[in-house]
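Asks: Since the structure of chain A is provided, determine the placement of chain B on it from the hints.
Protein chains: 2
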Amino acid sequence: MSIETIKWVKGCARIIDQTKLPNKFEYIYCRDVKTMWQAIKRLSVRGAPAIGVAAAFGVLLGIQKFKGQDKAKFLKLFHETCDYLATSRPTAVNLFNMLNEMRAVVTRHPHADVALLKKLLFQEAMKIFKTDQEVCRRMGDHGANLIKNGMKCLTVCNAGALATVDYGTALGVFYSAKKKAKKFSVYSCETRPLLQGARLTCWELLRQKIDTTLICDNMAASLMGKGKVDIIFAGADRIASNGDTANKIGTYMLAVLAKHHGVPFYIVAPRSTFDLEIKSGKQIPIEERKSDEVTHFAGIPTAPKGVKVYNPAFDVTPAKLISGIVTEYGIIRPPYLKNISSRLGG
Amino acid sequence: MSIETIKWVKGCARIIDQTKLPNKFEYIYCRDVKTMWQAIKRLSVRGAPAIGVAAAFGVLLGIQKFKGQDKAKFLKLFHETCDYLATSRPTAVNLFNMLNEMRAVVTRHPHADVALLKKLLFQEAMKIFKTDQEVCRRMGDHGANLIKNGMKCLTVCNAGALATVDYGTALGVFYSAKKKAKKFSVYSCETRPLLQGARLTCWELLRQKIDTTLICDNMAASLMGKGKVDIIFAGADRIASNGDTANKIGTYMLAVLAKHHGVPFYIVAPRSTFDLEIKSGKQIPIEERKSDEVTHFAGIPTAPKGVKVYNPAFDVTPAKLISGIVTEYGIIRPPYLKNISSRLGG
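Here the protein sequences come in this chain order: A and B.
According to my numbering, the stretch in the first sequence is residues 863 to 1208, in order.
According to my numbering, the stretch in the second sequence is residues 863 to 1208, in order.
Chain A on its own, in the form it takes in the complex (with noise of 0.2 Å):
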């Protein structure tokens, strides 16, 4: 039953092909930094720490196939390849840090040969898929916590096994909930413009056995107003300082309509959605996407021609509107700006 959403095998970085999900599950094999980085682009691998994982994997299938021993030469492939990697997409922070990661390695070992870097490149990568693998367990484990027996819970896109390596964020709440035998059931967002609640998060769910009910976008504040939910878990793309979250769209209005029906409103995301640099949700980039997204559906118009379309792909959660952050080092309460940098920082 488990999904291996991405994962190196001989050579080469295996992804699943989420365009495809729920009709088709096929893989892409990347063989080469070009094909990860359109991978990325257009959302075959999606999802902050998947992101980051498939960062670091490209990062290998750009030097891989590096020979001979000029070590400036290969400095400049890799920086090249990190840097050509971080145009894939703006906002997932994941994506930056885990090529910092990578950095970081060749600065720490400024006297290594090429062969020396190749290897710890490598085992550098691996670390950062098995740390994903264990950090959602961790933050699963906490955030179930917070799930008690009969709760119907609320989720937007999907921050599931199909975006990390292969457990989840907001999802792996469920997943350990589940395993600890508590009852409860879960109503998935579809997430406009392009479904991932609808054909991902239900999908992973349904694998799993999870009660599960889709429902458009605009109907949760109906279910809301009727007391139907009592938790929200949505993943992160970026969280800042003070704890403002970046995250798909329309988390901003789930937490909005938590806040007027008083219903708690969490996030779940690792340390390495944590944007330490930024003081505010005012300095994420905010990726806007392509009008086709909006105004298309496999193909068919849905719109008429010619009319504009606004389609960012994430907003910013003020942190106010925030019940507490499930890390893997336990849920950060507010003051935010305190407790985010006591428990993550330095």
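Take every hint as true, because none was put in to throw you off.
For lysine-lysine, the following BS3-like pairs were computed, each having C-alpha atoms within a straight-line distance of at most 30 Å: (1) Lys1014(A) with Lys1170(B); (2) Lys1167(A) with Lys882(B); (3) Lys903(B) with Lys1090(A).
Since the hints were derived computationally from the structure, they do not count as laboratory data.
Replies: Here is chain B on its own, set in the frame of chain A:
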């Protein structure tokens, strides 16, 4: 440029098939009541005021082929036709209100013979048709006073010419503002699951050369958070005595978001959308529609097989979240119980 959503043409009710827009402009010619019932049910004609007119025309279709002078048989057919049409959709009260107008014709003329009743019912249906045209223009003119130059407006679903005979409720406000040479722009929420905002509202507004930007429903909060929405106009399917308003699913979401962001939120609806028989929104029946509206697009699955779906077509916005209700008699403000009764009651 005018849009004739529904029109009586030579013994037949001609309607625009709105399920085909914006890709195809086609008429359906309803020559019997069953065709009209199905057109209402599958949303070929939709929008509370348009459904009201469709019901009145449906009655004409039901009785026009009646032969002979047997009044008892005629009345039986007439009432069966009304009862049948009343089963097409449950939420929009205009349907029931207009059927009641037709029944009242019969009640008012106890001594009329079959030929006279046919004539009087035809006249009543034409009056309902013309009243909608006039009332929409009056609402539009009242509402246009709320629009100031430079305003960024937001609307949901389609409360336009396509939801009425030819002018609209919420969109009628924009048409009247445009006539008054006001400068403004409109965000149209796409309105899942059936995309009436993307397919119908954008189509209408572009035809009238109104500056229109399409968004997914889950982007409205983000826009409001950035101060990009100055005022919201929505239509209505049923308004209770206390001002609670049922409208397309997602309207309640917008009202809560508007409250949080300090954005004025207006309902635009004629007298025929009020149900003064009920005390509050709790008494409004909410139609739940088939799950495949959410799980499929154009026959293609967008969710895994077997997932549960919650698909209410409407939600109820409590009166306390509504800044004002624009009617043909002017803008009704809180306290609604008192002001609705004094303006519209009796």
